[in-house]
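Participant: Listed in order, the protein sequences are those of chains Y and V. Residues in the first sequence are numbered from 1 upward in steps of one, following my numbering. Residues in the second sequence are numbered from 1 upward in steps of one, following my numbering.
Be a bit skeptical, because a hint or two may be false.
[Stated by the list, open to error] Here are the computed lysine-lysine pairs in the DSSO-like style, where the Cα-Cα straight-line distance is at most 30 Å:
no., chain 1, residue 1, chain 2, residue 2
1, Y, K43, V, K192
2, V, K310, Y, K40
3, Y, K282, Y, K118
4, Y, K118, V, K280
5, Y, K118, V, K94
6, Y, K282, V, K192
7, Y, K102, V, K366
8, V, K43, Y, K43
9, Y, K414, V, K35
10, V, K47, V, K60
11, Y, K52, V, K310
12, V, K280, Y, K52
13, V, K366, Y, K40
[Unchecked claim] Facing chain V, a subset of chain Y residues (Cβ under 8 Å, in silico):
no., residue
14, E50
15, I103
16, K118
17, G147
18, D190
[Claimed, not checked] Have a look at the derived ranges for each label pair, beta carbon to beta carbon:
no., chain 1, residue 1, chain 2, residue 2, range
19, V, V113, Y, P163, 39 to 47 Å
20, Y, N220, V, R233, 26 to 34 Å
21, Y, K118, V, T339, 32 to 40 Å
22, Y, N135, V, L199, 56 to 64 Å
These are computed hints drawn from the structure, not numbers from a lab. A quick note: this is a predicted structure, and the numbers were derived from the prediction, not measured. Even glycine gets a Cβ: it sits at the ideal position worked out from N, Cα and C.
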Amino acid sequence: MTAILSGFLDVVSIFFLLYLLLYATYLFLSVTVGAWRLYKRDKMRSIKNELKHEFYFPISVLVPAYNEEVTILDNVESMLNLDYQLYEIIVVDDGSTDDTTKILVEHFDMIQVQRPIKRMVSCQPVEAVYETRVNGIQLTVIKKKNGGKGDALNMGINAAQFPYFVCIDADSMLQRDSLERIIQPVMEDDSVVAVGGLIRVAQCVEMEEGKVESYHLPWNPLTCMQVMEYDRSFLASRILLDNFNGNLIISGAFGLFKKDIVVAAGGYAGNTLGEDMELVLKLHAFCRQSQIPYSIRYEPNAVCWSQAPSSMKDFRSQRRRWHLGLFQCMMKYRSMFMKPHYGLVGSLSYLYYLLYELFTPQIEIFGLFATILAAFAGMLNIPFMLRFYALYALYGAILTITAFFQRIYTQNLKIGFNDVVKACVACVIENFFFRFYVDLIRGTAFLGYRKYKNQWGKIKRSNLNKDKK
Amino acid sequence: MLRLDISDIIYFYMFICVALLVFNILYIWSANGKKRIMERRRKKWKKEVEEAVACCKEEKEIPKKHQVRLERKLRNINQLIAFNQAIQPDLEEKDVQHYLDLNHDTFQTLAVVYAEKSAMEKAFFAYIISIYHPDKGREHDQLAETLLDFTDNSTIYCRENVLLALCAMGNAGAIERFFQLLNDNGLYHNPKLLADGLLTFEGDREKLAMQLFEKSKYYNETLQVAIVQFATRLSEAFCKVFLKALQDEMTPLEVKFTLIRYFQRFYYEEALPILLEYVKNDEEENGGLAIPSCAALARYPGDGTVEILKSALCSRNWYVRKNAALSIISLGVEEDVLTELRRSQDRYASEMLGYMMELKTQKEVKK
């Protein structure tokens, strides 16, 4: 019996050491590749290695909104001051029960029109369309029957006039140059079908007319830890995966898509929580099956400032939704896994998301179970376990702080001593403790899955740029 | 054994990450120091260039020492950046131009040096030439030839800056060779970037467009589109040749779309029959040419046009209906005719026409 248990624990320990080693290697490669690429890009921009034109492609900006009366006005106003020649804004109110539409219609003095909208992708019916022009920019508000975020985005695609569209969350703000930056990969390569932007935490900045006036880490520890987490994941894995066209996610908070390809692929899925990831997976599958040369890119210089949850309740709700969305997408596109036809997307990218995103909580619970078992059997090397855990968490903390400073210098942000201390403390807490809390949320995400699987996430919003009000 | 190895690997990773972190912190701290060094260099160059420009003004020779320093120091990219900053702000453009013209040979030598450097540095050198163009007007010049060599193993930024440099130099022959290089090497450069770049050409743009268009049948579709887009932003001088191209069955579909947009911008009576024909034959095999044709017909008033557009309102293609409705409204068809049309057409056509009429009314109210 002891021999069997010992054998089992040996296998488990080898599995975990390999699992952690692979993850450490992945993070290491991500941060070093990301740092190198950002450094190079920064240098290139400083010596005029960029495409600077007065006018690029016209873009439709789609803003799906559900009960966003608190932030919608700030959001739309922030988008009326972008350094971009030709774009339109389409706000799709997905059957809000609050005054989202009313606020916009009254503020911008909008007129109701009988606009025919071509149904290229399926969505719930229109209830009313309002239009106006502000600063020469076409602003359209479409009130429709509730159908979910993907459905609202599909309505936006149907109404979009231009060949490229950008989707942005209603609680986000774009920097003045965001559209100019996110279109750059399309100018460089005509096979680009989608581009993801960089999402940063809006609670850190004060913005005026689309320009960052000041940057400080928030005092709220939960928000502060999310800043560190965002910096790490957007610096690290997305740039690494971008090197082989392997990104499986373009955040719903800010992404650019080529409309005709999205339409041909069938648009957003209405019945999923992870509609952003689902679309990217769908584009990979569609382009590869149709043998269309394509590229899905990530542009770290196109910045969108998005609100992160400030309370535990909202945070739990958001992460739960993300994890369920991930699960739905991974299951829906499981046929991609390890199929030679899908290349590195189906192997490396899929495997990463499967092992290190989707199944992390289960693997960690299994690890905990094995540790308890080993302790009972008297086979646990406690000093080694503690040393290894401390080493691993410290490594994570160093990686995170590296990513944070990388962001600071590549975006020419100025921070004070207070921020440096906050960053150091936050990344230590995040790596030693916070990640277990996140895993706990992920592990319990499936409770009540049937009931909540298609709902919009509800997070308490505050005014964007509230300090300016 | 395995335990030890894994710890060692993590220590190693950690060491590299700490090194990266230290690099980042030093980079942030050194930014001010770098600025100071750059400012010192800039001031030094400014003083030297001002003296040299003064010599040029007095029609004296530029000091040999200055020319030697230019040739030696500007091989370094940081010195080139400082030099660029030094001559940009205060000096009179014509004085700088004269000074640079006199230093033409230095730039030629530097171009050869930069041709051996990385694509990033080549791109910056080409950018410098694009703003100071010391060779303006010389049709056959070694500098242009060297810049063309920059496109070997280059990036899109380098190619973009080379195009802008050639345009600033007003060298049509070199631009033609640039297009040929893109074509022969299968290098993608967005038509929009090409057309915008060509618009900065310091010379006879119409002549350049015609010269490029004559060669365009040897180019790929992207380059052909770029040339037509460039011409579309110039004048009606290309109506005849473009109509011929539009009638040519060998012309690629994407180019035909661009040609139709040319006739939307510039009225050419002889183009009307072919535009009407495209709308009449609104079939799948037509490749969607009816869509831009409907939009273009807004520039071609007449009973025949309105009749064709009326029938296009019932097209199976949504975009044809939309553009037909837009054109009917912009042709100024009388209100009662429009109302009649709304009643008699199918539901989609009626909706589309109704929406366009609504927009027109709104515009008039706002005016």
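Participant: With a cut-off of 30 Å on the C-alpha distance, tell me whether Y:K282 and Y:K118 pass.
Facilitator: Holds, at about 22 Å.
Participant: Has the given pair, V:K310 with Y:K40, been kept, meaning a C-alpha gap of at most 30 Å?
Facilitator: 57 Å, violated
Participant: If you draw a straight line from the CA of Y:K118 to the CA of V:K280, is it 30 Å or shorter?
Facilitator: Answer holds: Y:K118 to V:K280 is near 22 Å, not above 30 Å.
Participant: Assess, step by step, whether the Cα of Y:K52 is no farther than 30 Å from the Cα of V:K310, and give holds or violated.
Facilitator: The hint is violated at about 43 Å.
Participant: Is the hinted pair Y:K43 and V:K192 satisfied, with a Cα-Cα distance of at most 30 Å?
Facilitator: 25 Å, holds
Participant: Taken at face value, is the distance from the CA of Y:K52 to the CA of V:K280 at most 30 Å?
Facilitator: 42 Å, violated
Participant: So, as I understand it, the hint says Y:G147 touches chain V; can you test that by seeing if any CB pair is closer than 8 Å?
Facilitator: Violated - the Cβ of Y:G147 stays beyond 8 Å from chain V, reaching only about 22 Å at its closest.
Participant: V:K366 and Y:K40: Cα distance at most 30 Å?
Facilitator: 50 Å, violated
Participant: Can you confirm whether the C-alpha distance between Y:K118 and V:K94 stays at or below 30 Å?
Facilitator: It is violated: about 56 Å lies between the C-alpha atoms, which goes past 30 Å.
Participant: Taking 8 Å as the limit, does the beta-carbon of Y:E50 come near enough to a beta-carbon in chain V?
Facilitator: 6 Å, holds
Participant: Taking the beta carbons of V:V113 and Y:P163, is their distance inside 39 to 47 Å?
Facilitator: 42 Å, holds
Participant: Evaluate the given range 32 to 40 Å for the C-beta pair formed by Y:K118 and V:T339.
Facilitator: Check failed, 24 Å falls outside 32 to 40 Å.
Violated hints, listed in ascending order, are 2, 5, 11, 12, 13, 15, 17, 20, 21, 22; each of the other numbered hints is respected by the structure.
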